[in-house]
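These protein sequence lines are chains W and H, in that order.
Take the first sequence: its letter number 273 is residue 273 in full-length UniProt numbering, and every next letter is one higher.
Take the second sequence: its letter number 8 is residue 8 in full-length UniProt numbering, and every next letter is one higher.
In short, the hints are calculated from the structure, not lab data.
It is possible that some hints are incorrect.
Dumping the calculated PhoX-like pairs for lysine-lysine here, alpha-carbon to alpha-carbon at most 25 Å [unchecked claim]:
#1 H:Lys-51 / W:Lys-363
#2 H:Lys-99 / H:Lys-118
#3 W:Lys-363 / W:Lys-338
#4 W:Lys-273 / W:Lys-363
#5 H:Lys-51 / H:Lys-99
#6 H:Lys-49 / W:Lys-363
Chain H residues, not near chain W, derived (Cβ > 10 Å throughout) [claimed, not checked]:
#7 Ser-14
#8 Ala-28
#9 Phe-37
#10 Val-59
#11 Thr-74
#12 Asn-77
#13 Ala-78
#14 Glu-107
#15 Ala-115
#16 Phe-120
Owing to the predicted nature of the structure, the values given are computational and were not obtained by experimental measurement.
Ideal Cβ positions, reconstructed from N, Cα and C, are used throughout, including at glycine.
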Amino acid sequence: MTDTATEDFVETVEALPLDAWHRAKGGRMVEFAGYHMPIQYEGIMAEHLWTREHAGLFDVSHMGQLVFTGEGVAEALETLLPADIKGLGEGRQRYSLLLADNGGILDDLMVTRLPAASPFDAEGGYYMVVNGATKWDDIAHLREHLEDDITLSHLYEQALLALQGPEAVTALARLAPGVEALTFMTAGAFTIAGIDCWVSRSGYTGEDGFEISVPAEDVERLADALCAEPEVKPIGLGARDSLRLEAGLPLYGHDLDPETTPVAADLGFALSKRRREEGGFPGHDRIMLERENGPILKRVMLVVEGRQPVREGAAVLDGEGSEVGRVTSGGHSPSLGKAIAMAYVPAASATPGTSITLNQRGKIFTGIVTPMPLVPHRYHRKGA
Amino acid sequence: MAIVYFSKDHEWISVDGTAATVGITDYAQAQLGDIVFAEVPAAGTQVEKGKEAAVVESVKAASDVYAPVSGEVTEGNAALTEDPSLVNTAPESEGWFFKLTLSDPSELEGLMDEAAYKAFVDTL
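Bound-form chain H, shown alone:
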């Protein structure tokens, strides 16, 4: 049973044991507008909580995607290379960016649940 957490940088992370999937939220994709390019990390890449892990570019601007937790990437979403607009159409499902193995599950404690994230977005 996966549990979904959210970061203040507008990433979501779906966690099942020490395996997790990361993407950007529906709110984030709506703010960015039409996505034309996404660069995802390769398997084996070590990512660090709060550091750049992927790149997403809209028609207008480039943005970094941060790792919400630390760990080792097990898979980047190859589908985004072919069709970056998946981030717009399915941000919280097929438009995921990368999967990773958590190196420190306690890092999840600093993240928000869905209700807290919604409340956070309402303040923006």
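Isolated chain W, as found in the complex:
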């Protein structure tokens, strides 16, 4: 399902700026999105629980960091994304989707309006973080569809770290006083341990936390400074996956793909009110029709009975035993000690409490539809 053109495009496995640092810290490296990445250090379970209780440092430098500038840049981005880009205040961040002409999801991303005094020499521009596995396709798509007077810069010399967990703010504010004033989905420029960084209060674990864009040449020094704080440990991709699954956050290439629409993916919040009414984004007609009539399939969270995890690819069966949906992510929830999964099920079966029959390699399992997220989000929202 995820065998996109990207897999063929990336022929060599590259080292990220923190590669040697991960290995020195005992990280077990695996190949992901064309890079060597740490999947775990001491163990996924311990790292997962540490992040939920303290603060975990994730290297997400494989993700694409892009900057858009030029006359009419907000209008130009609105032709490709369903978010209210024009209405975004300086330093404000939004979750959005890169949509194909038919409304299918090409990628999910974060977009931030940069302030006048921008760290990337991009006054009046926008900063975007896209998925690592899709970044080259995204860049090609964006370059092809944006007008010539819009400049797209790929910040390939910037590394990206995510500091996530309830104690992330305590640890980071010690190194960068003032960072505690940021609220969820806002961003600003901060000096951390003497290094100029671009910091947003966001992440993809369901916890409070920060994403920190830093020049690649300084990232090892920054990672050392953060890990010197008693609250912080380095955490691998394995725990990042189990954390985001518990938090009900979809992962591109698994829970989202070009066959999926924002309505089926239950990402209606990413469709801004003004944009829904005005249109002008790819797939608007189809998406609005689906919103009105209800999707055929809908993304739900399942708690699976028994202890055996049901993985991506398992079939959702109807009463006659026919395949009517699919598990797109599944595994063990370290926080709950249960098997959990994300699946697409017929809309009529998407109500919490509904029992879902699953088939994994010929063995039948029962999943119960459960409200998302399974572990409550602990974002530091404004006014909270």
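On the provided structure of chain W, position chain H as indicated by the hints.
Same frame as chain W, but now just chain H:
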């Protein structure tokens, strides 16, 4: 006096006469990471050398456990159902998967002793 053999699939088998106990090696559990589920065969199950006999799942992935020799299962380790992490903490003792009666003791000849297994793991 039990003799322990090892397979290239990272199972160990402790043999005393025609009675044997099977588990996965310390190397295998370390590779798998945190074990969250184990399914062991019931007594009376016939297992065949090199074929799937049990299932072990880590947080990330499912793996099969192969029978290192053929025979009839006399007991599955019920303790693994309650506490799968025994495979991590005691892979070569309490974390055993199943006991069996060998149907063809000559199959043991193709397995490694501890020194040969260590040398094999060093090449991986």
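Worksheet item: Which hints from the list above does the structure break, by number from lowest to highest?
Response: The structure breaks hints 4, 9 and 10; every other hint is satisfied.
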